[in-house]
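Chemist: Sequence:
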Amino acid sequence: IIDWKAPDFIDINFGCPVKKVVSKNGGSNLLRDCPVLTQVASSIVKGVGHRVPVTAKIRIGWDASSVNAPHVCRLLEDCGVQAIAVHGRTRAQGYSGEADWEVIGECAEAVSIPVIGNGDLASGVDVEVRKAATGVSGVMIGRAAMQHPWVFREAKHYLKHGTHPEPVTVEERWALMFRHVRMAIDWGRYGPEKYTLQSMRSRLMAYSRGLPSGKLLRSRFSTVGSIGELEDIAAEYLTWHEERESRNAELCP
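Going left to right, the sequence shown walks through residues 74 to 326 as our numbering numbers them.
For the record, the hints were derived by calculation from the structure and aren't laboratory data.
Owing to the predicted nature of the structure, the values given are computational and were not obtained by experimental measurement.
Fair warning: there could be bad hints in the mix.
As the list claims (entries may be wrong) - Below are the BS3-like pairs computed for lysine-lysine, each with C-alpha atoms no more than 30 Å apart in a straight line: (1) LYS97 <-> LYS78; (2) LYS267 <-> LYS233; (3) LYS97 <-> LYS119; (4) LYS130 <-> LYS229; (5) LYS204 <-> LYS233.
Said to hold, decoys possible - Restraint-style ranges between C-beta atoms, simulated for each label pair: (6) GLU182 <-> ASP136: 19 to 29 Å; (7) SER210 <-> TYR168: 34 to 44 Å; (8) TYR168 <-> ARG320: 23 to 33 Å.
Idealized CB from N, CA, C, for every residue including glycine.
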(Lines of atoms letter the chains of each structure in order from A and count residues from 1; the text may use other names and numbers.)
(Lines give C-alpha, C1' and ligand atoms only; values in the text may rest on other atoms or scores of the structure.)
Protein backbone atom coordinates (compact mmCIF):
# COMPACT_ATOMS: atom_id res chain seq x y z
CA ILE A 1 0.00 0.00 0.00
CA ILE A 2 2.83 2.40 0.86
CA ASP A 3 4.55 1.82 -2.48
CA TRP A 4 1.24 1.96 -4.37
CA LYS A 5 -0.46 5.00 -2.85
CA ALA A 6 2.27 6.70 -0.78
CA PRO A 7 -0.01 7.46 2.20
CA ASP A 8 0.99 9.85 4.97
CA PHE A 9 0.19 7.18 7.56
CA ILE A 10 -1.46 3.77 7.95
CA ASP A 11 -4.56 3.68 10.17
CA ILE A 12 -5.89 0.39 11.58
CA ASN A 13 -9.63 0.43 12.20
CA PHE A 14 -10.30 -1.58 15.35
CA GLY A 15 -13.54 0.34 15.88
CA CYS A 16 -15.71 -0.66 12.92
CA PRO A 17 -19.09 -1.93 14.23
CA VAL A 18 -20.44 -3.25 10.91
CA LYS A 19 -21.79 -6.78 11.26
CA LYS A 20 -20.12 -8.21 8.13
CA VAL A 21 -16.73 -7.00 9.42
CA VAL A 22 -17.26 -8.08 13.02
CA SER A 23 -18.49 -11.53 11.95
CA LYS A 24 -15.07 -12.18 10.37
CA ASN A 25 -13.24 -11.21 13.58
CA GLY A 26 -12.40 -7.77 12.26
CA GLY A 27 -13.05 -4.23 13.40
CA SER A 28 -14.39 -3.79 16.92
CA ASN A 29 -14.62 -7.56 17.48
CA LEU A 30 -10.88 -7.50 18.15
CA LEU A 31 -11.54 -5.38 21.25
CA ARG A 32 -12.55 -8.66 22.90
CA ASP A 33 -9.67 -10.59 21.35
CA CYS A 34 -6.67 -8.60 22.51
CA PRO A 35 -4.05 -11.25 21.61
CA VAL A 36 -5.10 -11.08 17.95
CA LEU A 37 -5.42 -7.29 18.12
CA THR A 38 -1.83 -6.94 19.33
CA GLN A 39 -0.63 -9.46 16.76
CA VAL A 40 -2.26 -7.46 13.96
CA ALA A 41 -0.94 -4.13 15.22
CA SER A 42 2.60 -5.44 15.79
CA SER A 43 2.72 -7.08 12.36
CA ILE A 44 1.63 -3.91 10.59
CA VAL A 45 4.06 -1.73 12.54
CA LYS A 46 6.87 -4.16 11.74
CA GLY A 47 5.89 -4.37 8.08
CA VAL A 48 5.71 -0.61 7.68
CA GLY A 49 8.99 -0.02 9.47
CA HIS A 50 9.90 3.65 9.74
CA ARG A 51 8.46 4.68 6.40
CA VAL A 52 5.18 6.12 7.75
CA PRO A 53 3.49 6.26 11.17
CA VAL A 54 0.91 3.64 12.11
CA THR A 55 -2.20 4.80 13.98
CA ALA A 56 -5.35 3.07 15.17
CA LYS A 57 -8.98 3.77 15.90
CA ILE A 58 -10.94 1.94 18.59
CA ARG A 59 -14.20 2.09 20.50
CA ILE A 60 -14.30 2.09 24.29
CA GLY A 61 -15.15 -1.62 24.34
CA TRP A 62 -17.40 -4.35 23.01
CA ASP A 63 -20.28 -3.64 25.40
CA ALA A 64 -20.98 -1.97 28.74
CA SER A 65 -19.67 -4.97 30.67
CA SER A 66 -16.33 -5.05 28.84
CA VAL A 67 -15.14 -1.44 28.54
CA ASN A 68 -11.39 -1.86 28.09
CA ALA A 69 -10.20 1.05 25.98
CA PRO A 70 -7.46 2.29 28.37
CA HIS A 71 -5.97 -1.23 28.44
CA VAL A 72 -6.21 -1.54 24.66
CA CYS A 73 -4.51 1.84 24.26
CA ARG A 74 -1.57 0.66 26.37
CA LEU A 75 -1.30 -2.52 24.30
CA LEU A 76 -1.31 -0.53 21.06
CA GLU A 77 1.32 1.87 22.37
CA ASP A 78 3.52 -1.10 23.28
CA CYS A 79 3.06 -2.40 19.71
CA GLY A 80 4.49 0.83 18.31
CA VAL A 81 1.26 2.55 17.27
CA GLN A 82 1.93 6.30 17.30
CA ALA A 83 -1.56 7.75 17.86
CA ILE A 84 -5.00 6.40 18.75
CA ALA A 85 -8.47 7.75 17.98
CA VAL A 86 -11.07 6.66 20.53
CA HIS A 87 -14.80 6.71 19.76
CA GLY A 88 -16.70 7.04 23.02
CA ARG A 89 -19.26 4.30 22.42
CA THR A 90 -19.15 0.52 22.66
CA ARG A 91 -19.77 -1.69 19.68
CA ALA A 92 -23.10 -2.72 21.23
CA GLN A 93 -24.21 0.92 21.27
CA GLY A 94 -23.54 1.43 17.60
CA TYR A 95 -24.28 5.14 17.21
CA SER A 96 -27.02 5.32 19.84
CA GLY A 97 -26.79 6.79 23.32
CA GLU A 98 -24.11 9.22 24.39
CA ALA A 99 -20.37 9.02 23.89
CA ASP A 100 -18.50 8.38 27.15
CA TRP A 101 -15.84 11.04 27.29
CA GLU A 102 -14.78 10.00 30.79
CA VAL A 103 -13.37 6.79 29.33
CA ILE A 104 -11.74 8.76 26.51
CA GLY A 105 -10.05 10.88 29.19
CA GLU A 106 -8.82 7.71 30.91
CA CYS A 107 -7.29 6.64 27.60
CA ALA A 108 -5.46 9.96 27.29
CA GLU A 109 -4.04 9.45 30.80
CA ALA A 110 -3.08 5.84 30.14
CA VAL A 111 -0.58 6.45 27.33
CA SER A 112 2.08 8.92 26.27
CA ILE A 113 1.14 8.93 22.58
CA PRO A 114 -1.55 11.29 21.24
CA VAL A 115 -5.16 10.27 21.88
CA ILE A 116 -7.83 11.75 19.61
CA GLY A 117 -11.36 11.90 21.02
CA ASN A 118 -14.42 11.22 18.90
CA GLY A 119 -18.16 11.24 19.52
CA ASP A 120 -20.98 13.80 19.83
CA LEU A 121 -18.91 16.77 18.67
CA ALA A 122 -20.96 19.27 16.70
CA SER A 123 -19.52 22.71 17.49
CA GLY A 124 -16.48 24.64 18.61
CA VAL A 125 -17.90 24.77 22.13
CA ASP A 126 -18.14 20.97 22.19
CA VAL A 127 -14.52 20.69 21.08
CA GLU A 128 -13.23 23.18 23.66
CA VAL A 129 -15.16 21.61 26.54
CA ARG A 130 -14.10 18.05 25.73
CA LYS A 131 -10.44 18.91 25.16
CA ALA A 132 -10.26 20.81 28.44
CA ALA A 133 -12.00 18.06 30.41
CA THR A 134 -10.07 15.09 29.04
CA GLY A 135 -6.64 16.27 27.98
CA VAL A 136 -6.91 14.66 24.54
CA SER A 137 -4.40 15.80 21.95
CA GLY A 138 -7.04 16.32 19.29
CA VAL A 139 -10.57 15.52 18.23
CA MET A 140 -12.24 13.79 15.31
CA ILE A 141 -15.63 14.89 13.98
CA GLY A 142 -17.77 12.48 11.99
CA ARG A 143 -21.55 12.50 11.61
CA ALA A 144 -21.98 16.22 12.40
CA ALA A 145 -19.96 17.03 9.28
CA MET A 146 -22.29 15.02 7.06
CA GLN A 147 -24.99 17.65 7.32
CA HIS A 148 -22.86 20.62 8.34
CA PRO A 149 -19.35 20.34 6.85
CA TRP A 150 -18.63 23.90 7.99
CA VAL A 151 -18.30 22.55 11.54
CA PHE A 152 -14.52 22.34 11.10
CA ARG A 153 -14.21 25.98 10.08
CA GLU A 154 -16.52 27.04 12.89
CA ALA A 155 -14.66 24.98 15.48
CA LYS A 156 -11.27 26.39 14.43
CA HIS A 157 -12.68 29.92 14.60
CA TYR A 158 -14.13 29.36 18.07
CA LEU A 159 -10.93 27.82 19.43
CA LYS A 160 -8.87 30.72 18.08
CA HIS A 161 -11.15 33.65 18.91
CA GLY A 162 -13.60 32.37 21.52
CA THR A 163 -16.53 33.59 19.43
CA HIS A 164 -18.88 32.05 16.93
CA PRO A 165 -18.28 32.96 13.26
CA GLU A 166 -20.99 34.35 11.04
CA PRO A 167 -23.58 31.65 10.27
CA VAL A 168 -23.46 29.88 6.94
CA THR A 169 -25.65 31.64 4.40
CA VAL A 170 -28.40 30.01 2.38
CA GLU A 171 -26.43 30.75 -0.80
CA GLU A 172 -23.34 29.05 0.61
CA ARG A 173 -25.34 25.94 1.42
CA TRP A 174 -26.67 25.76 -2.13
CA ALA A 175 -23.20 26.32 -3.57
CA LEU A 176 -21.94 23.34 -1.58
CA MET A 177 -24.81 21.16 -2.75
CA PHE A 178 -24.03 21.87 -6.39
CA ARG A 179 -20.30 21.44 -5.87
CA HIS A 180 -20.81 18.05 -4.24
CA VAL A 181 -23.26 16.86 -6.91
CA ARG A 182 -20.98 17.94 -9.77
CA MET A 183 -18.00 16.25 -8.15
CA ALA A 184 -20.04 13.05 -7.81
CA ILE A 185 -21.05 13.21 -11.48
CA ASP A 186 -17.44 13.79 -12.59
CA TRP A 187 -16.32 10.88 -10.41
CA GLY A 188 -18.72 8.60 -12.24
CA ARG A 189 -18.92 5.92 -9.58
CA TYR A 190 -22.72 5.71 -9.71
CA GLY A 191 -23.02 5.79 -13.48
CA PRO A 192 -25.13 8.28 -15.46
CA GLU A 193 -26.32 11.58 -14.00
CA LYS A 194 -29.74 10.17 -13.08
CA TYR A 195 -28.26 7.48 -10.85
CA THR A 196 -25.73 9.86 -9.35
CA LEU A 197 -28.53 12.22 -8.32
CA GLN A 198 -30.43 9.31 -6.84
CA SER A 199 -27.39 8.39 -4.76
CA MET A 200 -27.02 12.03 -3.66
CA ARG A 201 -30.57 12.48 -2.40
CA SER A 202 -29.72 11.67 1.22
CA ARG A 203 -26.76 14.08 1.11
CA LEU A 204 -28.93 16.88 -0.25
CA MET A 205 -31.50 16.23 2.45
CA ALA A 206 -28.80 16.38 5.11
CA TYR A 207 -27.41 19.67 3.77
CA SER A 208 -30.90 21.20 3.93
CA ARG A 209 -31.18 20.68 7.69
CA GLY A 210 -31.64 24.05 9.35
CA LEU A 211 -32.80 25.86 6.22
CA PRO A 212 -36.15 27.68 6.30
CA SER A 213 -38.83 25.36 4.86
CA GLY A 214 -36.25 22.59 4.89
CA LYS A 215 -38.95 19.95 5.21
CA LEU A 216 -40.45 21.01 1.88
CA LEU A 217 -37.00 21.01 0.29
CA ARG A 218 -36.33 17.49 1.51
CA SER A 219 -39.58 16.39 -0.08
CA ARG A 220 -38.39 17.84 -3.41
CA PHE A 221 -34.93 16.29 -3.02
CA SER A 222 -36.46 12.84 -2.48
CA THR A 223 -37.32 12.62 -6.19
CA VAL A 224 -34.64 14.80 -7.85
CA GLY A 225 -33.05 13.10 -10.86
CA SER A 226 -30.92 15.63 -12.73
CA ILE A 227 -28.77 18.73 -12.35
CA GLY A 228 -31.36 20.68 -14.32
CA GLU A 229 -34.09 19.70 -11.89
CA LEU A 230 -31.87 20.66 -8.96
CA GLU A 231 -31.18 24.03 -10.58
CA ASP A 232 -34.92 24.63 -10.92
CA ILE A 233 -35.48 23.79 -7.26
CA ALA A 234 -32.62 26.10 -6.24
CA ALA A 235 -33.88 29.02 -8.34
CA GLU A 236 -37.39 28.66 -6.97
CA TYR A 237 -36.16 28.36 -3.39
CA LEU A 238 -33.71 31.27 -3.57
CA THR A 239 -36.37 33.55 -5.07
CA TRP A 240 -38.75 32.58 -2.27
CA HIS A 241 -36.04 33.14 0.33
CA GLU A 242 -35.10 36.57 -1.04
CA GLU A 243 -38.74 37.67 -0.96
CA ARG A 244 -39.08 36.31 2.56
CA GLU A 245 -36.02 38.23 3.74
CA SER A 246 -37.34 41.43 2.12
CA ARG A 247 -40.66 41.07 3.94
CA ASN A 248 -38.88 40.50 7.22
CA ALA A 249 -36.71 43.58 6.65
CA GLU A 250 -39.82 45.70 6.06
CA LEU A 251 -41.36 44.45 9.28
CA CYS A 252 -38.17 45.13 11.26
CA PRO A 253 -36.67 48.37 9.90
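Chemist: Indicate, hint by hint, whether the structure satisfies it.
Modeler: Verification of the supplied hints:
1. LYS97 <-> LYS78: Status holds; Cα separation ~26 Å.
2. LYS267 <-> LYS233: 43 Å, violated
3. LYS97 <-> LYS119: Since the Cα atoms of LYS97 and LYS119 sit roughly 23 Å apart, the hinted pair holds (cutoff 30 Å).
4. LYS130 <-> LYS229: Roughly 23 Å separates the two Cα atoms, so the pair holds.
5. LYS204 <-> LYS233: With Cα atoms ~14 Å apart, LYS204 and LYS233 stay inside 30 Å; holds.
6. GLU182 <-> ASP136: 19 to 29 Å: With a Cβ separation near 23 Å, GLU182 and ASP136 satisfy 19 to 29 Å, so the hint holds.
7. SER210 <-> TYR168: 34 to 44 Å: Because 24 Å falls outside the window, the suggested range is violated.
8. TYR168 <-> ARG320: 23 to 33 Å: Between TYR168 and ARG320, where Cβ atoms are some 40 Å apart, the hint is violated.
Violated hints, in rising order: 2, 7, 8; the structure is consistent with all others.
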